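Could you build the full structure based on these sequences and the hints that come with them?
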Amino acid sequence: MADISNSTSTNSAQAVKAGGLMAWLEPQQNRILVLAALAGIALALPLILNNYAMEVMSSVWFYVVLCLGLNIVVGYAGLLDLGYAAFFAVGAYTTGILTSHFGINFWLTIPVAIFFSICAGVIIGGPTLRLRSDYLAIVTLGFGEIVRIIARNLEITGGASGLIGIEKPSIMGFELNEIQHFYYVFLLLAILACFISYRLQHSRLGRAWQYVREDEDAAEAMGINRVGIKLYAYVIGAIFGGVAGCFFAAKMTAISPETFMFQQSVLILLGVVLGGMGKIPGVIIGAFALVLFPEVFRELGSMRILVFAVVMLIIMLYRPEGIWPAKK
Amino acid sequence: MALLEVKNLMLSFAGLDVIKDLSFSVENGSIASLIGPNGAGKTSVFNCLTGFYKPNDGDIIFDGNRIVRKKPHKITKHGMARTFQNLRLFKSMTVLDNVMSGMHCRTKAGPIAAVLRHGAQQREEAETKKFCQECLEFVGIPEFEDHISSNLSYGNQRRVEWARALATKPKLLLLDEPAAGLNHDEKQQLIALIKRIRDELGITILLIEHDMGLVMKVSEKITVIDYGQKIAQGNAEEVQNNPKVIEAYLGKEEEEIA
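Heads up: the sequence lines are chains G and F, in that order. Letter by letter, the first sequence follows residues 1 to 328 of this note's numbering. Letter by letter, the second sequence follows residues 1001 to 1258 of this note's numbering.
Hints in this document: simulated from the structure, not taken from any laboratory. A couple of the hints might just be wrong.
In silico SDA-like links for lysine to any residue, alpha-carbon gap of 20 Å or less [claimed, not checked]:
1) K1108/F <-> A309/G
2) K1070/F <-> G126/G
3) K1108/F <-> A254/G
Away from chain F, derived, C-beta distances all over 10 Å, residues of chain G [said to hold, decoys possible]:
4) V34
5) L188
6) A309
7) L317
8) R319
These numbers were taken from a predicted model, which means no experiment stands behind them. From the three backbone atoms N, C-alpha and C, an ideal C-beta is built for every residue, glycine too.
Below, the structure is given as structure tokens:
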């Protein structure tokens, strides 16, 4: 989890300043120490936070999962995806429809949602991944809107008003109904997402994504099937989004198409880019910034969007590689 | 037996014939060269062989398989590796990571193996690393494995590209102007390396080169092309004395006087 991407760009004075911390994080035991401390804090938070803060923190963990999922597509494989909310919608609606219309147990809907996410990933990725990245971005944007509009117009998805009365899940008779429960569920999902991302990044597949991202032709000449490799990234990203969607539906007990608008996709992408594409700690920081910023500056009212935009511009101007420092 | 056989290859871009009815073959275990003046179509031939260009007509038989119109990654898997005229390393990655790209098509761990890191996956990673370190040792730069590839000198970056090509475990190695940008000493080392790849690893070599001294020293068979057509074929001496070759490189005698 505490690994930093291999990007070489040496980044102004800030990178030098952060260099001391980065060097300290280099040995494995220091990293484990930091991770253990962070996990301890995350686990203990429900003891001190009120319900409002718990809602916000659950939302943070939830966005960590979504951002890490999109990070596989955008950060690892280098594919610009503007319709990521579609996969999140596929998961949420699968759980919503199966539990509310068919009374199927929540936990059983997860594998079904994974299956549909994979299908959605293959359907959109298969024919389009041959396109160059800018064209791909447009196609994914369209796909995101198509999924939302389908959800808005089908009877089974509840049309524009969406689905209500989605059953809350229970584990061995213990019903997950309080915010504390969902806090831990999303924390667990976020940790799992970090773990899977880390292992994927440091594997044969993770390297292949980086080869394709750096030089597609050279990667192809080295025997890497670039379309196949990109499809893997797309499908794995879709699964992250789909599973996050299942739990989102269960927590909210109601979903509507407006949750999965283009803005949602952009927001998730923002988290990935803001923190630092391809860097797990960076993406986590991005997700934090995404959720916490509007909450912290709530009293600014409608001005906060403006402030948010200015802060983002500043970050992008001074740290184009994202908040998290790049490895030298 | 011929490892590579090119038969009546044709390639044109927008009506312009780049390669015209070109046939040649490369014997198993030989060092062969493809030479010709600038713009003769040498790199286009390489791009057809490796699947980056789709020839309009003709056939390419490699190791008993028809590879014409196959995808580049499939051709690499059949056992044909290449280096690029302009370096095409993965610049921000370490030297070892660069070389490990070559092993991709010889290994198979997928996403589930990556997440579970079970025994077979760990063994495969260890074997990949070991083999790639051997490749780096073979080309003479084992000490640089942890360096970021773009920080290496030009000559050493070339060696990384060689090690990367060797890591695909090829039967045939295509070298696109391997001596470009190298100094005299580096060229001498290159000649030794080309011979070692053939003699010690048993890999057949086909190279495109401008440096005639190098071509004449290492090649056993030379094919000369001009305007996409074969104009001569033979060993170094035969080619050097062929009037058509002299004409292609130096122009006709009358022109020279004029």
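message: If you test the structure against every hint from before, which numbers come out violated?
response: 1, 3
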